[in-house]
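Asker: As a plain string of letters, each chain reads:
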Amino acid sequence: MNTALLAHLWEEIVAPRMHIPDGFLSWPVALIFWVITIGLLLVAVRKTQQQLGERQIPLMGVMAAFIFAAQMINFPVAGGTSGHLLGGVLAAAMLGPWAGMLVMACVIIVQGLLFQDGGLLVMGANIFNMGLVTAALGSLYHGLAGRQSKGVRLVTAGVLAWLSVVAGALFTALELGFSGTSPFGVAVPAMLSVHVLIGIGEGLITMAALAFVMQVRPDLEAVEAVRTGGGRGWVVVGLVIALIVVVLSPIASANPDGLERVAIDMGFEKMAAAPPYELLPDYVIPFLGETPLSTILAGVIGALVVAAVAFAVGRALHRRAATA
Amino acid sequence: MLQNTLDRYATRTSIVHDLDPRVKVVATLLAILSVLLLPDGAWVAYFLTWCAVLAVAYAARLGAAFILRRSLVALPFALVAITLVFTLPGQIIFTLQLGAWELKASDAGLMRFAGILARSWLSVQLAILLTATTRAPDLLHALRHLRVPGLLVTILAFMLRYLFVLVDEVERLLRARQARSALSTAGKGGGSLLWRARVAGNMTGQLFLRSFERSDRIYNAMLARGFRGRFVTINPHTMRQRDWMALGLALAVLVVVQWLGRVLS
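Protein sequence lines correspond, in order, to chains Z and S.
For the first sequence, numbering that gives the first Met the number 0 assigns the number 0 to the initial residue and increments by one for each residue that follows.
For the second sequence, numbering that gives the first Met the number 0 assigns the number 0 to the initial residue and increments by one for each residue that follows.
Looking at chain Z on its own, in the form it has when it is part of the complex (with noise of 0.2 Å):
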């Protein structure tokens, strides 16, 4: 019905944001984040731990520092908006997947808990959708670009840039869809407009900088011994969380009506088959009045299946760390 108005209001105030405020995704949801989220930190955690000296502490908590602060580095665009800096690609390309995560996340957490930017218990999603989805297609720049000469690099870090803010957008309008809070047919095309032009801000500032520091200090971009990780395992990750992205956002953008079914099917054939399919309803419409039992089974399921299938990336991704 009238979705193009309601996606048009959205767009006007809404969109911009992407840190979901605790509320706005159902239980559901914000387990199956959190299990995901804690899965892969736990893993990065544990790499960093073995490839990093105790030297690169203090630089990773500073970094984290960094990424809060070169957030609040804007730029006139047009219109009274302004671009600036969600700076996931640039963490990873700095610093390796794993340490980008943690670093990433540690921004995330430090805003929600101590601004209330971002929810406390729906924290898993916000830091999946705007750290590790943007740290681990950041790993693609040097997985992709790491030996090619310094323009194709630039320009690697500016695509990859973009498509981690439109990716986390994704991210965020999917879960508010599955959560019920939104209808998918306004979230995600809404959602995903506005940040297909936030990500060319994200973009540009993403190749200026590295530009900066390239020219500036050529022997930063040689520090190995920061770096983890970037193998071809992160490649495939990379190239899987942008095919998602390239394949579903045509889709919504151009059937926004008919995205609702194919959401569904792709979004939790991307949470690897998560809960059977007849306890879907649930996840649309949660809990009206008594919560079913088949929910909360629903929600365990699904929690374990994902938790499986991180730690299984986990054991295979280290397997190849140790072979490499």
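Hints were generated in silico from the structure; no laboratory data involved.
Beta carbons: idealized from backbone N, C-alpha and C, even for Gly.
Wrong hints could be hidden among the right ones.
[Stated by the list, open to error] Covered stretches of chain S (chain Z as the covering partner; in silico rule of three or more C-beta atoms under 8 Å from a C-beta of chain Z):
id, segment
1, 34 to 43
2, 80 to 89
3, 143 to 157
4, 193 to 206
Start from chain Z and add chain S according to the hints.
Answerer: Showing chain S alone in chain Z's frame:
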């Protein structure tokens, strides 16, 4: 300056400030979970939760005005859910005529929207209570006790220590840019879009290098002062009787709220 706004309330003294940070973290998380689990339309339960928030704020000598003002942070996001009013099927309450558009508001949609609004607003107030009554280092220490990986907590500790230094650094960078680029009538700070983005990127790169070099100096300074890989605290953080009582009281209130929410909705 930012530091002040954070610590102004957290460094006060009151019964709530004095509680063990673990109790406050766990109670806050459970309370937010309780709010999230309340069904739409359980207004008595929502109201009771709000009364509990105000009571804690009173006990913490924070003042309701402060909590209310800070709780507006999450308000813009509420519009995410406003679409539900017009898209959920149900009995039509009113029709909104906006130009060529006709929006039909349904009772089910309105109820769901009001529920989401109430839940997010209460959750934000609970989170504000936690932050306003707990100093950041205590909060981190509580996280460590609650089995958050030590590496993560250490990074967070470093981050908090240098956050305000770097924010000040950014403010200097922004001021320098403002002083050097005139505003045109259109409100654009000089140059083309690409030029503006490049300036912002250079500032980011500059900030990165300053941060990077600072972290090196920090590490050397810490080694000079006997750092051996982890932070220690002079605050022992042991659970006293009143900490357990406070946790028990919080749990009891939440159970009553949940029960009322199921019975009276």
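Asker: Taking the hints in turn, state whether each one holds.
Answerer: Hints versus structure:
Three residues within the 8 Å Cβ limit are the bar, and the segment 34 to 43 of chain S against chain Z gives 5, so the coverage statement holds. Restraint check on the segment 80 to 89 of chain S versus chain Z: 6 residues with Cβ-Cβ distances below 8 Å, three needed, restraint holds. For the segment 143 to 157 of chain S, the stated coverage by chain Z holds: 8 residues have a C-beta nearer than 8 Å to a C-beta of that chain, and at least 3 were required. Look at the segment 193 to 206 of chain S against chain Z: 13 of its residues bring a Cβ nearer than 8 Å to a Cβ of that chain, three or more, so the hint holds.
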